Amino acid sequence: MNVEPKDAEALNKYATFLWLARNDLWAAEETYLEAIAAEPNNSYYAANYAHFLWNTGGEDTCFPLDSPDTNTDL
Numbered sequence: 012m013n014v015e016p017k018d019a020e021a022l023n024k025y026a027t028f029l030w031l032a033r034n035d036l037w038a039a040e041e042t043y044l045e046a047i048a049a050e051p052n053n054s055y056y057a058a059n060y061a062h063f064l065w066n067t068g069g070e071d072t073c074f075p076l077d078s079p080d081t082n083t084d085l
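All letters in the sequence shown, in the order written, are residues 12 to 85 by the numbering used here.
Hints in this document: simulated from the structure, not taken from any laboratory.
A couple of the hints might just be wrong.
Estimated spans, in silico, between C-beta atoms of each pair [what the hints assert, rightly or not]:
no., residue 1, residue 2, range
1, Phe-28, Ser-54, 15 to 23 Å
2, Asn-66, Pro-16, 25 to 33 Å
3, Gly-68, Glu-15, 19 to 27 Å
4, Asp-18, Ala-61, 18 to 26 Å
5, Phe-28, Asn-53, 28 to 36 Å
6, Ala-58, Leu-36, 29 to 37 Å
7, Gly-68, Pro-16, 30 to 38 Å
8, Pro-16, Trp-65, 14 to 22 Å
9, Ala-32, Gly-69, 12 to 20 Å
10, Trp-65, Glu-15, 25 to 33 Å
11, Ala-61, Ala-32, 19 to 27 Å
12, Phe-28, Ala-57, 12 to 20 Å
13, Ala-58, Asn-34, 16 to 24 Å
These numbers were taken from a predicted model, which means no experiment stands behind them.
We put the beta carbon where it would ideally sit given N, CA and C, even for glycine.
Using the sequences and the hints, build the whole thing.
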């Protein structure tokens, strides 16, 4: 699917369609990542991707609890 310019909302909805209606997990994951790349500051798309990973058993992606920007000397 080619959308120019990238429409994150359309990509997110299409990814959900691929996952739930078509059961195409590979294409759904790729499309979720495209939606996130189109609007990286929108947490809604990241949350939908996390929901997808949680429900499909995706374990290749994780976010560390500690980051270099976190000050632990409080």
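Status of each hint after checking the structure:
Our hint of 15 to 23 Å for Phe-28 and Ser-54 holds, since their Cβ atoms are close to 21 Å apart. Under the hint 25 to 33 Å, the C-beta atoms of Asn-66 and Pro-16, about 30 Å apart, fit the expected range. Judged by the Cβ atoms, the range 19 to 27 Å given for Gly-68 and Glu-15 is violated: they are separated by roughly 33 Å. The hinted window of 18 to 26 Å between Asp-18 and Ala-61 holds, with their beta carbons roughly 21 Å apart.
As the Cβ distance of Phe-28 to Asn-53 is approximately 19 Å, the hint placing it in 28 to 36 Å is violated. Judged by the Cβ atoms, the range 29 to 37 Å given for Ala-58 and Leu-36 is violated: they are separated by roughly 18 Å. The hinted window of 30 to 38 Å between Gly-68 and Pro-16 holds, with their beta carbons roughly 33 Å apart. Judged by the Cβ atoms, the range 14 to 22 Å given for Pro-16 and Trp-65 is violated: they are separated by roughly 30 Å.
A hinted range of 12 to 20 Å for the beta carbons of Ala-32 and Gly-69 is consistent with their spacing of about 19 Å. Checked against the hint of 25 to 33 Å, the C-beta distance between Trp-65 and Glu-15 comes to roughly 31 Å, which is consistent with it. Taking 19 to 27 Å as the suggested C-beta distance range, the pair Ala-61 and Ala-32 conforms, at roughly 20 Å. The hinted window of 12 to 20 Å between Phe-28 and Ala-57 holds, with their beta carbons roughly 19 Å apart.
In this structure the hint that Ala-58 and Asn-34 lie 16 to 24 Å apart at CB holds, the actual value being about 21 Å.
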